[in-house]
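Number of protein chains: 2
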Amino acid sequence: MKNIAAGIDVGGTNTVIGMVDSDGKCWYKTSISTPGYDDAAVFVHEIARIIKEYFLSNTTSNLVGIGIGAPNGNYYNGSIEFAPNLKWKGVVPLVGLFRQHFDVPVVLTNDANAAAIGEMVYGNAKGMKNFIEITLGTGVGSGIVVDANMVYGHDGFAGEIGHAIVFPGGRVCGCGRSGCLEAYCSASGIVKTYNDLLARDGKKTEGEITPYKISKLAEKGDKTAISTYEYTGEILGLGLSNSVAHTSPEAIFIFGGIANAGELLFKPLKESFEKYLLQVYRNKISILPSGIMENDAAILGAASLVWKQ
Amino acid sequence: MKNIAAGIDVGGTNTVIGMVDSDGKCWYKTSISTPGYDDAAVFVHEIARIIKEYFLSNTTSNLVGIGIGAPNGNYYNGSIEFAPNLKWKGVVPLVGLFRQHFDVPVVLTNDANAAAIGEMVYGNAKGMKNFIEITLGTGVGSGIVVDANMVYGHDGFAGEIGHAIVFPGGRVCGCGRSGCLEAYCSASGIVKTYNDLLARDGKKTEGEITPYKISKLAEKGDKTAISTYEYTGEILGLGLSNSVAHTSPEAIFIFGGIANAGELLFKPLKESFEKYLLQVYRNKISILPSGIMENDAAILGAASLVWKQ
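Those protein sequence lines, which keep their order, are chains A and B.
So in the numbering used here, the last one in the first sequence is 309, and the numbering has no gaps at all.
So in the numbering used here, the last one in the second sequence is 309, and the numbering has no gaps at all.
No lab work stands behind these hints: they were computed from the structure.
Treat the hints loosely; a few may be bogus.
If several chains are the same, the list does not tell them apart, and a pair holds so long as it fits within one copy or across any two.
To be verified - Only pairs whose alpha carbons sit at most 30 Å apart, straight line, appear in this in silico BS3-like list of lysine-lysine:
(1) 87 with 284
(2) 275 with 192
(3) 52 with 192
(4) 308 with 129
(5) 213 with 29
(6) 89 with 275
(7) 89 with 25
Turn these sequences into a full structure, and let the hints steer you where they fit.
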């Protein structure tokens with residue numbers, strides 16, 4: 001029998017379901033529309049049907065557990081709590097709903113924590129006891145690992161480094177406060193930097209702009225685009241130096257499409273990071289791209305929750 | 001036989017040695033001059049003599065371990081590393097030196113971590129799994145506890161919240177960088193705020209000023225003194241809200257003489273803290289004075305290292 005964990009990545013648009021073995025190989029993958037289900041119980045029922053069908057036709061495989069990464073997923077109580085980008089309002093007892101269909105362990109956490117555990121189980125943090133995973137995307141998420149354990153905190157909501165304030169009174173953030181790291185280093189933060197820099201020169205963006213398009217412009221030598229990534233790296237380096245002063249990690253991993261900008265982001269990021277670090281931490285902490293950068297990353301992260309149990 | 005831990009608090013001026021039982025009762029206390037010893041080995045030899053003499057004349061007591069709190073004390077390797085306020089330069093293998101005299105466990109950490117463990121063993125954090133201890137004094141130190149364990153980090157130097165940057169490009173800090181929390185909330189930071197506020201009104205301090213004197217002036221209604229504590233609380237609340245975004249603690253304890261200012265500090269601190277907190281953390285984290293505020297605090301913290309082992 002082959003042991004398989006079901007990894008489920010709940011996103012605002014799609015929910016991806018994958019069957020993953022302990023080596024991180026994804027044997028099957030499919031997805032359903034998240035907002036297509038008004039009722040979370042019906043949503044879970046449909047996923048349960050998909051999982052059960054897989055094991056009916058793959059009789060040499062054995063379901064050992066279900067791992068779920070979801071926005072505002074709380075590890076302690078197994079619920080999604082007040083996720084702004086999901087249709088289901090309030091507290092959704094996701095783990096409880098799955099337990100109505102399965103007898104195996106079901107584990108839920110937020111997407112950034114799932115990415116961190118994925119990094120530890122399948123990625124570049126194998127064997128590391130102290131590291132931080134930063135997810136750059138629509139938001140800036142983070143998962144903090146101390147002594148080989150995920151930091152969940154008292155309420156299950158630890159690791160919101162994206163909402164540490166780097167500039168008091170600075171840019172307005174989606175959370176309603178000002179100056180959060182996320183307001184500068186998320187996808188929309190990067191676009192805002194680019195537009196602000198253009199406006200300073202009396203110019204305007206033509207058409208829709210994205211961090212990816214800005215990185216392509218930078219590769220062609222566009223100075224505004226290069227300055228955009230320099231500024232992003234500068235602020236991210238400042239924010240991460242403050243995180244080091246908390247948990248003193250061995251490494252920090254950058255996860256998500258924005259990290260694909262490579263040296264364009266990593267060079268100014270590393271320079272800024274070392275500049276802002278307290279002396280005792282300098283020249284000993286690696287900033288690295290995630291080792292689970294391929295398409296299955298979110299699924300692997302979710303599935304890894306099962307193997308890490 | 002009564003089990004006793006020797007608690008040693010190494011300070012820049014004095015080193016205090018105390019004999020503490022598991023209930024936190026200090027049976028004997030004495031001190032020696034730290035800078036009176038050019039050689040750390042001779043310093044340890046003298047402390048060893050004091051400890052041995054105590055147990056020779058207290059034959060119903062039994063030494064179970066030695067706990068040491070020292071500036072820049074590293075838990076992992078048992079050394080004091082590059083402590084700016086001590087005479088001994090470079091790396092001093094303090095635990096190794098003690099082991100030449102004793103067969104019992106010897107544990108070293110920095111003073112703020114010792115205070116945090118003291119809070120957990122003897123103070124207000126009994127039974128708490130996730131909390132942060134902030135020490136306000138010459139510097140701003142911190143000890144972070146996650147899941148009932150001290151966070152030491154990869155290199156043993158985790159928990160330098162005093163050197164998280166709250167205002168990029170702000171006040172110059174003793175560490176050589178700018179805008180650290182410590183530059184605003186340490187004793188000298190508070191004095192600087194007071195002097196800056198006076199200067200703004202075209203006035204000057206008469207005689208030597210301290211946070212204690214400023215708190216006494218505030219009690220008498222001195223507006224500059226009140227504003228000084230309001231500003232200190234505002235900045236500390238901002239800094240601590242960022243720490244919450246890392247480890248999401250149940251409570252934060254404020255340790256050290258400056259906390260004796262009471263509501264003068266705690267009222268603006270709590271208001272600022274709640275204002276800067278991310279929504280999900282609001283109205284559920286207590287900010288409290290330390291429960292080990294008496295004279296023996298540092299000794300208890302050091303001794304608690306033994307009981308926590």
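Structure-based check of each hint:
1. 87 with 284: between (44 Å within a copy, 26 Å between copies)
2. 275 with 192: Both, since 25 Å and 25 Å are each at most 30 Å.
3. 52 with 192: Answer is neither; intra-copy 45 Å and inter-copy 67 Å both fail.
4. 308 with 129: both (13 Å within a copy, 21 Å between copies)
5. 213 with 29: within (29 Å within a copy, 68 Å between copies)
6. 89 with 275: between (43 Å within a copy, 25 Å between copies)
7. 89 with 25: neither (34 Å within a copy, 52 Å between copies)
The structure fails hints 3, 7 (numbered hints given earlier, in ascending order).
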